[in-house]
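Asker: One-letter residues, chain by chain:
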Amino acid sequence: MMLTIIQTELIKMFRKWRTYIGFIVILVLAGIVQTALYYEGKSAAEHAISNFSDNFVMLGNLFNGYFIGKILLQALYIHIPFLIVLVGGDLLAGEATAGTYRMLLTRPVTRLKLVTGKFLSGFIYTALFMGFVFLISIGVSCLLFGTGELIMVKEKIYIFAADDVLWRFILAFLFATLSMITVITISLFFSSLVANAIGPIISTMAVIIVSLIISNLPFDFVQEIRPYFFTNYLNDWTLFFVDKVEYKEVFKAVLVLLGHIIGLYAITSYIFVKKDILS
Amino acid sequence: MQSDAIIEVRGLTKKYKEILAVNNLDLNLYEGDVFGFLGPNGAGKSTTIRMLLSLIKPTAGSINIFGKPLNENREDILRNVGAIVEKPDFYLYLSAYKNLEIFGKLSGADTSKKHIMEMLELVGLAKRYKSKVKTYSHGMKQRLGLAQALLHDPKLIILDEPTTGLDPQGIKEIRDLILHLSKDKHKTILLSSHILKEVEIIANRMIIINKGTTQIEGKVQDLLSKDNLSTEFEIDDIEKGVEILTNFNQLVTIKEKRNKSIIIEAEREIIPQINKQFVENGINVSSIVQSRSLEEYFLKITEGK
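Quick note, the sequences are listed as chains F and V, same order.
Residues in the first sequence are numbered consecutively from 1, following our numbering.
Residues in the second sequence are numbered consecutively from 280, following our numbering.
There's no promise every hint is true.
Stated by the list, open to error - Going by beta-carbon spacing under 7 Å, a handful of chain F positions derived as facing chain V:
{"no.": "1", "residue": "Thr4"}
{"no.": "2", "residue": "Met13"}
{"no.": "3", "residue": "Arg18"}
{"no.": "4", "residue": "Ala98"}
{"no.": "5", "residue": "Gly99"}
{"no.": "6", "residue": "Val109"}
{"no.": "7", "residue": "Ser279"}
Stated by the list, open to error - Pulled a few chain V residues facing chain F out of the computed Cβ check, cut under 8 Å:
{"no.": "8", "residue": "Leu332"}
{"no.": "9", "residue": "Lys336"}
{"no.": "10", "residue": "Leu357"}
{"no.": "11", "residue": "Gly387"}
{"no.": "12", "residue": "Leu458"}
Claimed, not checked - Beta-carbon label-pair distances, calculated as ranges:
{"no.": "13", "chain 1": "V", "residue 1": "Lys409", "chain 2": "F", "residue 2": "Lys113", "range": "26 to 34 Å"}
{"no.": "14", "chain 1": "V", "residue 1": "Gly387", "chain 2": "F", "residue 2": "Ala266", "range": "22 to 30 Å"}
{"no.": "15", "chain 1": "F", "residue 1": "Pro227", "chain 2": "V", "residue 2": "Ser410", "range": "50 to 58 Å"}
{"no.": "16", "chain 1": "F", "residue 1": "Lys16", "chain 2": "V", "residue 2": "Glu297", "range": "35 to 43 Å"}
{"no.": "17", "chain 1": "V", "residue 1": "Gly387", "chain 2": "F", "residue 2": "Leu27", "range": "38 to 46 Å"}
{"no.": "18", "chain 1": "V", "residue 1": "Lys336", "chain 2": "F", "residue 2": "Lys16", "range": "36 to 44 Å"}
{"no.": "19", "chain 1": "V", "residue 1": "Asp463", "chain 2": "F", "residue 2": "Ala266", "range": "23 to 31 Å"}
{"no.": "20", "chain 1": "F", "residue 1": "Lys113", "chain 2": "V", "residue 2": "Lys406", "range": "51 to 59 Å"}
{"no.": "21", "chain 1": "F", "residue 1": "Ala266", "chain 2": "V", "residue 2": "Glu297", "range": "54 to 62 Å"}
Derived from the structure by calculation, the hints contain no laboratory data.
Nothing here was measured: the structure is a model prediction, and the numbers come from that model.
Think of the CB as a built atom: it goes at the ideal place given N, C-alpha and C, for glycine as much as any other residue.
Generate the whole structure from the sequences, applying the supplied hints.
Answerer: Set out below in structure tokens:
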């Protein structure tokens, strides 16, 4: 039955226009950046690394698909939560707005299964969307600019050999997907509380912004609670782009994100199962 | 209590903070019944129906459907229940076919194209099966609601105001469909409606609730013939008519005299005798209208008129 629920949820999701907004935005933004770089990028990149070229001899194609893809991902990543919650906020509240809860919840399926199906569909959407973001950023960039060593400046300069890059992007994709699953889980939680999709979208973004601000306040007590804020780890997909990946840090980040996902899923399920359907 | 009870509700209560929406309600629905569920706005009909479908949880009381407690056998029970709760809302961006396929799959129904098209044919929507529901009129959505309620061939059908917003033709079509489901398909039907004439025509048993409590429950005919009927005779000689009616002594009460008609109150069995007396005494009877309808009965029960 769970497969049927997920299947029906995905049918509903992918027949809605709003589901494609994120895909279109990424396609347009990445397209513009890649086109601009294709025609004018080489001189811009040369200018960007001109400081290093005084001290280093640059050989090979450093201005390649991996480099462009990584830059593109960093630029796009900050906007992804906004696009994800457009779908997540609607998953439960959209049923209340449309009045379809009445029909959906009179089926011979437990509410727990239904809400779990909603979560899993949201996770599948997130994974597909993140896959699309990585594919457009890395895949298309590699097609346009070819592959080569990846140069990274993060406290120090890292240069990864061409055959040492792909696995880093794959792990980064998996981690980024987990981060965004946390975001969609928050929007699903808010979505279970109200009968309008706008509320969960705004609330989720408010939570992200407030968490970011609080976790960056320069007070001691904030530093103590900072490790428990999910926003602290949203950008940790970049942990894979250092010489020696700190798997302990990655594991810690995964645990905190999973904790948020499981906790919020449990609370949302409890609310949903107990909820009186008045819409 | 009959052993073939499909729904048994005892002491059902729903309280929202200070508001008592349903108060200690008892209800019995038997196999094969077309059960009229009546009450004025805010009487607690929809709240009761939502509790019967486990959309909202009762504050107190018990609901047994097919002989099993609802809260412990929800999925088993709902597998055999089809329902429209208030207005049927669908996924507007999907076609009627896709909507039925989705709800059918979740109900464990046969979702083959043949079966879905049969259902759409039954409610007269087969030609529009590809159209998105957002292009449907209210009446079409109501009919699609019936199709989704019937798709998994349930034993019990709960219809909450299924003819709301329909034109007379639409009302007749739904009424005929309900009669067909009851007589030919032997479905048990709980029908909540504001159109009392509809309940009077379709239902064999009914309950009237007001302010969340049962006012009366029983067979429609028994309840309607409990009291005297008001009957209007349109005749050409009022004075002579009154003279004849006085011969019936206490059996007939003249309620009102009009220019060309007399309204009386009498038992149903007396009416043919009165008519016979009029005709035998040379009075032309143009029409006999019994005004003692469910509507009058309903108002008497709910407003104490």
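Asker: If a hint holds in the structure, say so; if it does not, say that too.
Answerer: Hint-by-hint comparison with the structure:
no., hint, in the structure
1, Thr4, "holds (5 Å)"
2, Met13, "violated (11 Å)"
3, Arg18, "violated (10 Å)"
4, Ala98, "holds (6 Å)"
5, Gly99, "holds (3 Å)"
6, Val109, "holds (6 Å)"
7, Ser279, "violated (9 Å)"
8, Leu332, "holds (5 Å)"
9, Lys336, "holds (6 Å)"
10, Leu357, "holds (4 Å)"
11, Gly387, "holds (6 Å)"
12, Leu458, "violated (24 Å)"
13, V/Lys409 <-> F/Lys113: 26 to 34 Å, "holds (30 Å)"
14, V/Gly387 <-> F/Ala266: 22 to 30 Å, "holds (28 Å)"
15, F/Pro227 <-> V/Ser410: 50 to 58 Å, "holds (54 Å)"
16, F/Lys16 <-> V/Glu297: 35 to 43 Å, "holds (40 Å)"
17, V/Gly387 <-> F/Leu27: 38 to 46 Å, "holds (39 Å)"
18, V/Lys336 <-> F/Lys16: 36 to 44 Å, "violated (31 Å)"
19, V/Asp463 <-> F/Ala266: 23 to 31 Å, "violated (49 Å)"
20, F/Lys113 <-> V/Lys406: 51 to 59 Å, "violated (35 Å)"
21, F/Ala266 <-> V/Glu297: 54 to 62 Å, "violated (32 Å)"
The structure does not agree with the numbered hints 2, 3, 7, 12, 18, 19, 20 and 21 stated previously, though it agrees with the rest.
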